[in-house]
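Enquirer: Sequence:
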Amino acid sequence: MDCPEKETMNRQIKNFRGIKKQSRNARARQCLMTLYLKSIIILTGILSEVANAECISLVKGPVIVDIQSCGAVNPDAFDVKREKYKFIGDLDPPGRKMLLNQYRGLYLKGVVVRSTAIREGIDTTPGALQGDSVQLFIPPGQAQCTAVQNKRVAGMLQEKCCDGNGDAPCLLNTGLIFTKPKAVGQAGVGLDGKLLSPTKNNREHKKNYLDAQKHFAKKDYKKATALFKKADEEKDIDVKGLYQWGSAYRELEDCPAAIAPLERIYKLNQNGKVWKDEELDARRAVFLLARCHSKMNQPSQSAFYLNGFLVEPKRFMTEIKQSLKHKDFGWIHTSKEYVEYKAEAERVIAEMK
Numbered sequence: 004m005d006c007p008e009k010e011t012m013n014r015q016i017k018n019f020r021g022i023k024k025q026s027r028n029a030r031a032r033q034c035l036m037t038l039y040l041k042s043i044i045i046l047t048g049i050l051s052e053v054a055n056a057e058c059i060s061l062v063k064g065p066v067i068v069d070i071q072s073c074g075a076v077n078p079d080a081f082d083v084k085r086e087k088y089k090f091i092g093d094l095d096p097p098g099r100k101m102l103l104n105q106y107r108g109l110y111l112k113g114v115v116v117r118s119t120a121i122r123e124g125i126d127t128t129p130g131a132l133q134g135d136s137v138q139l140f141i142p143p144g145q146a147q148c149t150a151v152q153n154k155r156v157a158g159m160l161q162e163k164c165c166d167g168n169g170d171a172p173c174l175l176n177t178g179l180i181f182t183k184p185k186a187v188g189q190a191g192v193g194l195d196g197k198l199l200s201p202t203k204n205n206r207e208h209k210k211n212y213l214d215a216q217k218h219f220a221k222k223d224y225k226k227a228t229a230l231f232k233k234a235d236e237e238k239d240i241d242v243k244g245l246y247q248w249g250s251a252y253r254e255l256e257d258c259p260a261a262i263a264p265l266e267r268i269y270k271l272n273q274n275g276k277v278w279k280d281e282e283l284d285a286r287r288a289v290f291l292l293a294r295c296h297s298k299m300n301q302p303s304q305s306a307f308y309l310n311g312f313l314v315e316p317k318r319f320m321t322e323i324k325q326s327l328k329h330k331d332f333g334w335i336h337t338s339k340e341y342v343e344y345k346a347e348a349e350r351v352i353a354e355m356k
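Numbering of the sequence shown is given in my numbering, commencing with residue 4 and proceeding in unit increments.
Keep in mind the hints are simulated off the structure, nothing from the lab.
Accuracy of the hints is not assured; some may be wrong.
[What the hints assert, rightly or not] Straight-line Cα separation of at most 27 Å, DSSO-like style, residue types lysine-lysine; simulated pairs:
id, residue 1, residue 2
1, 317, 339
2, 339, 328
3, 276, 185
4, 87, 112
5, 225, 238
6, 210, 238
7, 63, 84
8, 238, 222
9, 222, 209
10, 233, 222
11, 210, 232
12, 238, 226
13, 238, 270
Everything numeric in this text was worked out from a predicted model, so none of it was measured.
Could you put the whole structure together from the sequences, leaning on the hints where they help?
Expert: Structure (structure tokens):
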């Protein structure tokens, strides 16, 4: 039989072990709780970033838009029974009036034919939304539909963050606010989808330009280049004319002379100064630049323009595929620059299939 002192000591040892075990369990629970709270904080931050992603790359700056349709917004017709508009019915009368008055402007659809706007916070390169179909809101009192319908309209674009925001124009499924609208010509695309103006602002050209195009069509390239030069001296040349001028020099096997007019198109495009209806000639010009630099045995310059197409492979797939088989690139096909470009182009094409 154990003595009382020994039994007391055993109980104290057991109690001490129990306390130690409970302490370890408490610390483990505390650590788990800390990790849990940290994960919640991190997850909340990620979700917040995702929710606000559209609000860190808002478009802002000058644009020119071909307006295809226009209508006056009637906010009194918003159905407050629908979930989207339900909060309007909960506003007090002054607040409801103030909100609805924000929407008494114009709702437009169109195509951005020129842009020097940027995406704030993400990409400051001019040209945001160029070539895109857009829905715009003109605030109250700035224009009437008769002044912008089927017109080419210049103005300032400011995109509003619509993440849970009910202010104008967010309830119209757009965040694009178009201010200071001014008609600068006839729209390039009408409601029937037909081209209304073949060149910017329906421009009328002078005799030298028109004769140059006639000789270009007849494949009289020598005469065409001389006439395009005269038209340029008269400041009567556009993207189409510059492309045909450079193309005529290429047909005459004079690529060094072709570079200058083609590079002018490239710079115009980089600065967002190419109209939507000039885009095809601008793309052809860049591809011809790459071809001419290849013919001049300048692989690094040629690859520079070719690699530009890989930035948006879906959009420029035609040019990418042509670059792998066009005879003009035979001059540089063994160069390091072209071999590297070709490998990347083939990888991109395979991924797009």
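Enquirer: If a hint holds in the structure, say so; if it does not, say that too.
Expert: Checked hints:
1. Simply put, residue 317 and residue 339 have alpha-carbon atoms about 25 Å apart, close enough for the 27 Å limit, and the pair holds.
2. Straight-line distance between C-alpha atoms of residue 339 and residue 328 comes to about 17 Å, which keeps the hinted pair within the 27 Å bound.
3. With a C-alpha separation of about 18 Å, the suggested pair residue 276 and residue 185 falls inside the 27 Å cut-off, and the hint holds.
4. Annotation: proposed proximity of residue 87 to residue 112 holds, straight-line Cα distance about 22 Å (limit 27 Å).
5. With a C-alpha separation of about 20 Å, the suggested pairing of residue 225 with residue 238 holds against the 27 Å cut-off.
6. For the hint linking residue 210 to residue 238, the alpha-carbon distance of about 12 Å falls within 27 Å, and the restraint holds.
7. Of the pairs offered as hints, the one joining residue 63 and residue 84 is violated, with about 34 Å between alpha carbons and a cut-off of 27 Å exceeded.
8. Pair hint residue 238 plus residue 222 holds up; C-alpha atoms about 24 Å apart against a cutoff of 27 Å.
9. Restraint check for residue 222 and residue 209: satisfied, since their Cα atoms lie roughly 20 Å apart, inside the 27 Å limit.
10. For the proposed pair residue 233 and residue 222, the alpha carbon gap of about 18 Å is at most 27 Å, so the pair holds.
11. A distance of roughly 13 Å separates the Cα atoms of residue 210 and residue 232; the hinted pair therefore holds under the 27 Å criterion.
12. Of the supplied pair hints, the one linking residue 238 and residue 226 holds, its CA atoms being roughly 19 Å apart against a limit of 27 Å.
13. Among the hinted pairs, residue 238 with residue 270 is consistent with the structure: their alpha-carbon atoms are about 17 Å apart, no more than 27 Å.
This entry does not satisfy hint 7, going by the numbered hints stated previously; all others are met.
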